[in-house]
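**Q** Chain residues, written in single-letter form:
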Amino acid sequence: MTQSSVVVEGVSKKFGLSLKSALKYGLVDSCSRLIGRDRDHALRPGEFWALNDVSFSLQPGDALGIMGVNGSGKTTLLRILNGTYSPDKGRVTLRGRIGALIAAGAGFSPMLSGRENVFISGTLLGMSPREIRKRFDEIVAFAELGDFIDMPVRNYSSGMGVRLGFAIAVIGTPEILLVDEVLAVGDLNFQKKCYERIHKLKREGTTILLVSHSPGAIWSVCDLGLFLDHGQALVQGAVEDVVRAYSDQNSRNAKSSADQPALAANGSGRRDEAAAEEILDSNGSVTLKSDYGHTRGGNGDAVCSSVRVLSASTGAPVESIQFGEPLLIEYRYQVNARLVFPIFRSSIDAVHYKFVISLDSYEQGVAWDAIEPGEYVMRVLVKDPALRPGMYRLNTSIASRQVGVHTFYWLSAASFVVNHPRDRFLYSNDQAVFFAPCSFTLRELK
Amino acid sequence: MRYIDKDGMAVTVYQPNERQGGVVWSLHQGYQDIASSRHVIARLFWRDFIAQFRQKILGYFWALLSPLLGVVSFLFLFFVGVLQPGQGEIPYTLYVLVGSTIWGCLPGAMGAVSGGLQAQADLIMRTRIPKLALAVSSLAGLIYGILISMITMTIIFVVNGVTPTWWFLAYPLLVLPMVLLGTAIGLVLSVLGSIARDLTPMTNQLLALVMYITPVIYVHSTIKNVFVRTLIDWNPISYLVDVPRALICLGRADNVDIYLLVSAGTIALVAIGLRIFYLLEDLVAERL
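Residue numbers (this note's numbering), protein chains in the order written: chain A, 1238 to 1683; chain D, -1 to 286.
For the record, the hints were derived by calculation from the structure and aren't laboratory data.
Nothing here was measured: the structure is a model prediction, and the numbers come from that model.
Careful, some of the hints might be misleading.
A few chain D residues that face chain A, going by a derived Cβ cut-off under 8 Å, partial list only [to be verified]:
{"no.": "1", "residue": "H37"}
{"no.": "2", "residue": "R45"}
{"no.": "3", "residue": "L121"}
{"no.": "4", "residue": "L167"}
{"no.": "5", "residue": "D280"}
{"no.": "6", "residue": "A283"}
With beta-carbon atoms standing in for the labels, derived distance ranges [as the list claims (entries may be wrong)]:
{"no.": "7", "chain 1": "D", "residue 1": "Y1", "chain 2": "A", "residue 2": "E1441", "range": "17 to 27 Å"}
{"no.": "8", "chain 1": "D", "residue 1": "P234", "chain 2": "A", "residue 2": "G1308", "range": "47 to 57 Å"}
{"no.": "9", "chain 1": "A", "residue 1": "S1548", "chain 2": "D", "residue 2": "M(-1)", "range": "49 to 59 Å"}
{"no.": "10", "chain 1": "D", "residue 1": "A117", "chain 2": "A", "residue 2": "R1661", "range": "50 to 60 Å"}
{"no.": "11", "chain 1": "A", "residue 1": "N1392", "chain 2": "D", "residue 2": "R36", "range": "27 to 37 Å"}
{"no.": "12", "chain 1": "D", "residue 1": "W232", "chain 2": "A", "residue 2": "R1274", "range": "28 to 38 Å"}
Ideal Cβ placement from N, Cα and C applies to all residues, glycine included.
Let the hints inform the model, and build the full structure from the sequences given.
**A** Following this line, the structure appears as structure tokens:
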């Protein structure tokens, strides 16, 4: 049976939250070690787990894509695997020569020529001078530098420098290759060459660990995935499952941010100007701004007090719906004055685009002559919203067919997430909003 | 921990507190790290050396002038009569140049090793080079500086009409204890200094004070104050400066036995410095 080339067993790493705590604990730990006391690995005040009990193993030829939002522990894991950080708990076992493609061009000296830097950088990456000499022509050819190899690196364009750095790193043949976000270098042809080189290494049995925010890069190289969140391995397995989990997590994070617009940036809980637009009167009623340019406003004839997204199957409030699931929205209204020919209208914003869907009662063939004062609940069911996975925001308003302005408007009244489907891999474009089922036919022209 | 398994494959293991060996283990590990990184050390030295002198008017001659410029202020004070270091057998110009060159090995080695990790932070974060190799790679520049300073000293010997003794050829060996002492302090500072950033400047200030109780720019016999004389006598670094200087300039020296004893002590200090370095080195990267 083939031995695992990478075994990570219960690895944890903690850091101080502030420079002050890092200094304090650094000195305490140093003194403890100097007097021969074992380090206490429990979490102390002012510390957090950057990586918490992560385990996995990889066989030769496996490619693992490590995904997670910023601060999830990806880089910490890669640095532990690279020997930069020592784990606080657990154990890492690596079998074979390790190549690190963590920063193409690390250690380049701008005063020296490309040729001189090839020898320096190659040595820093663990190649012997003989090996560098043997592969020198291959490196220069891969970097497409030609005669420029004898020019000082400081005169290189950024693309030339990165190409050379990448070429030095990938021309070696490591048994384990650690890659951190450096595949997107150079022009399209060079990137294609980089991918081909990575795949060649993989076919030859190199175990690859790739950290990237790009689902496309992960998916094209890796067959396995690891999704980290707050230092914990939330999803491990097939790369497509991990890309889905990463994308859904991004959407949930975007929703959390969208749901807290009123919190001031300093985190003190102070309500900002937008939220302070509504002022409660002595009866506890909401007094609205009577002009545009606010989050919520209107003339007070009617107010929408809540907007909720419900599960179409159970009717319970939900934060997210599955891709392809009907979208059920519930509105609660307080009508204070008789509404004549009212129109209820909502729009949906995607992350990158506004008003991608408009839900208008009149457009949908629903009309009322008038609505009397009172409290009302309205549900709107969108049977097939066709929305791709992502975070969406709902805006809502009340208008009248006979009046050219809104009776009430509320921007970002609610938000929801459309989760990735299990049976389909929607990876192509995170800015696209709608999924349109279609058929493809291909025939050769004679 | 790195080893070769039964299939001949290199195996690397990372786990907490893996470098808790004793002084002997530290020496062995230090040797292994430097031996395995010899190409890296050589390349880094070559890179820094070339980059240092390329595109400068004085180019490589700067290295020759540099030791002279270091003693200009003392010579000025001496020739205008402000500095009265006392009369010795060695011409003062030679005395202060040789003394300060020998002394310079201590802060030079300390600064090179202690700053080595900070200066190579980029490589620590992105490559797998042993940290010890990065810390000591800067020492290569110091060794080069020692050889260059021999040329400068030769010129000053000729100018003063003094013929150096054969001990002059052993100059690199004679200043080795100073380099080792600086290395030992630098190893500790390279790790502790990255945790508490003010330790290195504090040590530099302390070293500047120690220089004044070391007969670098004055003659020991001219000190009348008993307390200061006692301090100088008990200062082991005094012997690391005085003895090599006397051997080079006069061919004889007092207190050679103490010099040898202190030299042995510097080797022990390097071993202790290495032990502390390995105990704490993994804390460095987290604080760069």
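**Q** Each of the hints needs a verdict: does it hold here or not?
**A** Hint-by-hint comparison with the structure:
no.: 1; hint: H37; verdict: 5 Å, holds
no.: 2; hint: R45; verdict: 5 Å, holds
no.: 3; hint: L121; verdict: 5 Å, holds
no.: 4; hint: L167; verdict: 31 Å, violated
no.: 5; hint: D280; verdict: 4 Å, holds
no.: 6; hint: A283; verdict: 5 Å, holds
no.: 7; hint: Y1/D with E1441/A: 17 to 27 Å; verdict: 24 Å, holds
no.: 8; hint: P234/D with G1308/A: 47 to 57 Å; verdict: 50 Å, holds
no.: 9; hint: S1548/A with M(-1)/D: 49 to 59 Å; verdict: 53 Å, holds
no.: 10; hint: A117/D with R1661/A: 50 to 60 Å; verdict: 52 Å, holds
no.: 11; hint: N1392/A with R36/D: 27 to 37 Å; verdict: 31 Å, holds
no.: 12; hint: W232/D with R1274/A: 28 to 38 Å; verdict: 34 Å, holds
Going through the hint list in order, the structure does not satisfy hint 4, though it satisfies all others.
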